[in-house]
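Chemist: Letter by letter, the chains look like this.
2 protein chains.
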Amino acid sequence: MAFTTKATIASFGGKLFKLSHSSTVTGTPMAVNLFVPPQALAANSTYKAPVLIYLSGLTCTPENCSEKGFFQHRASQLGLAVLYPDTSPRGLNLPGETDSWDFGAGAGFYVDATQAPWNKGYKMESYIARELPDTLFGDAEYGRYLDRARVAITGHSMGGHGALTLYLKYPGKFASVSAFAPIANPSNCPWGEKAFTGYLGGENRDEWKKHDATELVRSGDWKGKDLKMLIDVGTGDNFYKQGQLLPENFEQAVKEAGAEGVKVRYQQDYDHSYYFMATFSDEHVDHAAKHLGLL
Amino acid sequence: MAFTTKATIASFGGKLFKLSHSSTVTGTPMAVNLFVPPQALAANSTYKAPVLIYLSGLTCTPENCSEKGFFQHRASQLGLAVLYPDTSPRGLNLPGETDSWDFGAGAGFYVDATQAPWNKGYKMESYIARELPDTLFGDAEYGRYLDRARVAITGHSMGGHGALTLYLKYPGKFASVSAFAPIANPSNCPWGEKAFTGYLGGENRDEWKKHDATELVRSGDWKGKDLKMLIDVGTGDNFYKQGQLLPENFEQAVKEAGAEGVKVRYQQDYDHSYYFMATFSDEHVDHAAKHLGLL
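Chains A and B are the protein sequences, given in the same order.
Every letter in the first sequence is one number past the one before it in my numbering, and letter 251, counting from 1, is 258.
Every letter in the second sequence is one number past the one before it in my numbering, and letter 182, counting from 1, is 189.
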């Protein structure tokens, strides 16, 4: 077994497994939570659950959204598994790794770092897009619950950036994408500039564009394509007001590219917290479920 | 206004107000969260929401269940307000007040202490049963959203003990009661013995019985009465296994008393956590809503 089971918790009729595994890509143990719905757990069941990958925001671990996002509520009803990865390697002991809440530990930004010392293990793009699903779907203990051919992705804030960019970078890998308050144009906001400078180099602005949802839409051939994308942003979100999220830039890029199937909703008064996500997670699960053939 | 508004958070179409007020009974500021459903917030609305009081368990503040209990989900649909009080006074600086996680701060046990020094402000029965509702329902800012004639009560663990005992001690005050993993016979478990010894005195075992749900059922005249009571206990709950909850003693007392309308459910594999509560909070809200005339 590739995974060590740290805890098994009954949740909404299914089970939340708190797992740990040794990652080759990051060079560290990685924590990950997996919710398996009741349909896949029933005795003698041959049901294989489609999977929604949820990417967390700055500072978060797999625990935060497992406890406060309530994705399990609707996922359980529909027979969807939910995978909650961590947001960075932890324990590499790189200089400055834990000095900031918005860079280093808890802030991997879902890119493969090219700059020392971060290129040692900060490879969250490869980890999320390849190593974690390959390991999980091939695992004798947990892979048997899951349908590796049906995977969707979502995320919050930094994780919304991760979900949008990985979806756009790997066409066909994910059936749909959604995001809560995503950092939608990281090249142009303080969080993104700090992270990309550190991980990709301050002089490599062209490289930045490959990891920026707005730039990926601008540079690709999306005309007439259905992006199957749902984005929610709260109008009371202080990070939105401070220009960290920039969803309007993303909307403008989508419009100019002529892409279709992109719904961006501005939710009155909602903030950046899990209260916001919990309110709309049922709808994001429905969005994924529709494209995964569950609805 | 009796309440200071510390934060206003959009949640499930309603608003969660994080409040503080000065309590005469405890002699301290008290934090309390209030969820007001959308039906009462709409412009020009004359809708007054019935109220479900949720009593938290050991160590918890109003925040834990507001974030992790998922009560707002169903309460919002039905037009129910939810009130999340704190679990004790905080900041009295009594000797030993913060030495234990299961006694003193965060562990008021919903009784009025008779023993020094705790009788100074540890009066959580009077606070919950009288001062807090009186203050809230009379408040110009927040009382107008609420229907003071329709109140139900629920709680978790120590808060389940609180909900059951206050319900039984004040007939007619609450339309119904429910509990998650309640400390159902505190006179006979380590948590309860420690708390009652400290707050009520080790020699006053007769006094303990007035604050013990099992003993209150044993000593009252409940024959043929509909107690409108729902209790869930997880079979994977370590505190249940350790004999801290003793729901069987309570069930036995109900049976001997000839009371009716008591449903105790043992939920396979569930533990003592908020994952357990979040799974069944919709059903506890429905239980209260039924007796409050909302269903």
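Mixed in with the good hints, there may be bad ones.
Given that identical chains are not distinguished, each listed pair holds provided it fits within a single copy or across any two copies.
What the hints assert, rightly or not - No more than 25 Å apart at the CA atoms, straight line, and that leaves these computed lysine-lysine pairs for DSS-like:
#1 248 to 230
#2 22 to 248
#3 176 to 22
#4 248 to 25
Just so you know, the hints here were simulated from the structure itself, not pulled from any lab data.
Keep in mind that this is a model prediction, so the values were computed, not measured.
Chemist: Of the hints given before, which are not true for this structure?
Modeler: 1 and 3
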